[in-house]
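In my numbering, the protein residues as written are 412 to 895.
Think of the hints as simulated: they come from the structure by calculation, not from any bench. All of these numbers come straight from a predicted model, not from anything done at the bench. Where a beta carbon is used, it is the ideal one built from N, C-alpha and C, also for glycine. Check the hints yourself; a few may be wrong.
Heads up, simulated SDA-like pairs for lysine to any residue below, C-alpha to C-alpha not over 25 Å straight-line [what the hints assert, rightly or not]:
hint	residue 1	residue 2
1	LYS526	GLU556
2	LYS526	ARG459
3	LYS636	ILE652
4	LYS636	SER654
5	LYS636	SER490
6	LYS636	GLY625
If you anchor each label on the Cβ, the simulated ranges turn out as follows [what the hints assert, rightly or not]:
hint	residue 1	residue 2	range
7	SER483	ARG608	51 to 61 Å
8	SER479	PHE417	30 to 40 Å
9	ARG658	ILE591	50 to 60 Å
10	ALA701	VAL434	19 to 29 Å
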Amino acid sequence: MTLLDFVRLTRAHMLSLVFLTLVGGAVAYGLTLRMPEVYVADASGYVRVEGTGTSTGDGIAATSLGGSKADSYLPLVTSRAVAQRVIEETGIQATPAAVAARVSASVAESSVIMKVRATGPSPEESRVLADALIRATATEANRIETSGEAASASIVSIVPIESALPGVQIAPNPRRNLMIGLAVGLAVAYGLVFLRRQLDTRVRSSDDVEAETGASVLGVVPMTKELRVARGRGRLDRLGIASEAFRQIRTNLRFVGVDDPPRSIVVTSANAHEGKSTVSATLARVLGEAGQSVVIIDADLRRPTLGDIFDAQGRVGLSHVLSDQVDLADAFQATDQENVRLITSGRTPPNPSELLGSARMQELVRELSVHHTVILDAPPLLPVTDAGVLASSCDGTLLVFAVGRTHREQARLVARTMAQVGGRVLGVVLNMAPRGRAAGVMYGYSYGYAAYGSDTSTQRRYASATTEPAHGGGGKQRRIRRAS
Numbered sequence: 412m413t414l415l416d417f418v419r420l421t422r423a424h425m426l427s428l429v430f431l432t433l434v435g436g437a438v439a440y441g442l443t444l445r446m447p448e449v450y451v452a453d454a455s456g457y458v459r460v461e462g463t464g465t466s467t468g469d470g471i472a473a474t475s476l477g478g479s480k481a482d483s484y485l486p487l488v489t490s491r492a493v494a495q496r497v498i499e500e501t502g503i504q505a506t507p508a509a510v511a512a513r514v515s516a517s518v519a520e521s522s523v524i525m526k527v528r529a530t531g532p533s534p535e536e537s538r539v540l541a542d543a544l545i546r547a548t549a550t551e552a553n554r555i556e557t558s559g560e561a562a563s564a565s566i567v568s569i570v571p572i573e574s575a576l577p578g579v580q581i582a583p584n585p586r587r588n589l590m591i592g593l594a595v596g597l598a599v600a601y602g603l604v605f606l607r608r609q610l611d612t613r614v615r616s617s618d619d620v621e622a623e624t625g626a627s628v629l630g631v632v633p634m635t636k637e638l639r640v641a642r643g644r645g646r647l648d649r650l651g652i653a654s655e656a657f658r659q660i661r662t663n664l665r666f667v668g669v670d671d672p673p674r675s676i677v678v679t680s681a682n683a684h685e686g687k688s689t690v691s692a693t694l695a696r697v698l699g700e701a702g703q704s705v706v707i708i709d710a711d712l713r714r715p716t717l718g719d720i721f722d723a724q725g726r727v728g729l730s731h732v733l734s735d736q737v738d739l740a741d742a743f744q745a746t747d748q749e750n751v752r753l754i755t756s757g758r759t760p761p762n763p764s765e766l767l768g769s770a771r772m773q774e775l776v777r778e779l780s781v782h783h784t785v786i787l788d789a790p791p792l793l794p795v796t797d798a799g800v801l802a803s804s805c806d807g808t809l810l811v812f813a814v815g816r817t818h819r820e821q822a823r824l825v826a827r828t829m830a831q832v833g834g835r836v837l838g839v840v841l842n843m844a845p846r847g848r849a850a851g852v853m854y855g856y857s858y859g860y861a862a863y864g865s866d867t868s869t870q871r872r873y874a875s876a877t878t879e880p881a882h883g884g885g886g887k888q889r890r891i892r893r894a895s
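Work the whole structure out from these sequences, hints included.
Laid out in structure tokens, this is it:
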């Protein structure tokens, strides 16, 4: 990951990072309030050497001996013998080991001054403990120096010279703990972000698409309320900000094959509920807006949707034309766009794949593509083979992936299937992109999860409104079939 990727990841998860950082700070502050207060006090003692001469050399030797003795007395401060003396003097309810854990001592370099430190739950207790500690250390040191053979040598003793003042508070430190809590919260937040990013298998940006399929992203369609309208969705006067996204797709399609522009385009997706039908209908409308003559065919003979989108009847359609029950001219239906004509799916046949792969279907596509741009709304590619059959006989295929819904493995399988049937992939449309973050999806820095997650209520409502119905055809088409 580069520094730029890190910055983009931070921007995409700014709310989560801030929230978890504040949670870490709040937890640290709460724990700080529950921590016992700790105070520290210190007292000093002078290491004195007696019985030496009065010359300058004797004084220097005495000072040197006192300094070395002071260093050797440091372990006495935390010894059990000194701790027991402190307990007897102060009456503290604690074990020698507990007292020893609360005290420490130090001697400055080339110095005969010993400083002891003691902690306690109150200023007064820490002061009493420090004073008792220096006296107990002096007593124990004097006992050692005057016992046995040491009694005939020079006498070394510790003389308390500075009593302790009431202790100052050293813990808890709210400011330090708060900073630690914020830092830990931020580290945990980044850890979760990186972990989820590594474990995430969904398509979220153009980089994911290009890595898995090798195809370019022709456009990113934002998730807007205008595209959730059940009937008439895709009308250019109702698209709002999504209209510009489809115009960009139209422009990019012109550059896919400059010398050999596609005349027949299959629009499919990896799975159902990814918005391919809305993309097909809206693409037909924007092409018609540009002056092209467009014929859009509902080639999803299993679960047709274009009849509902264009508010058209499905009494006569593609299945009737392919089975030579009606002429092609009788299957055309006008739409709300002057240059766009619709052929609905017609009656659902028992063998959709065979019908779509027939020579009559190939002839129909070739005939229509002479004077029109033909868009075929095909079923999803992974559940059934219909789209693959159509792709092999058309100029190209436009794949529709839902941001945060289509998995990378599914995108890879789609590309592999297209290669196996010899279909040409014109490009990919990333649908259902979070509104306001389409640019991030396009340029590969939208690593968000909550906004793109496939189980968000907004995306579920959008998917149910912009894809094929669960049981074939629109309500109007079903009523016509019952009547016939």
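Item to check | Structure versus earlier hints - violations, ascending order | outcome: 5, 6, 8, 10
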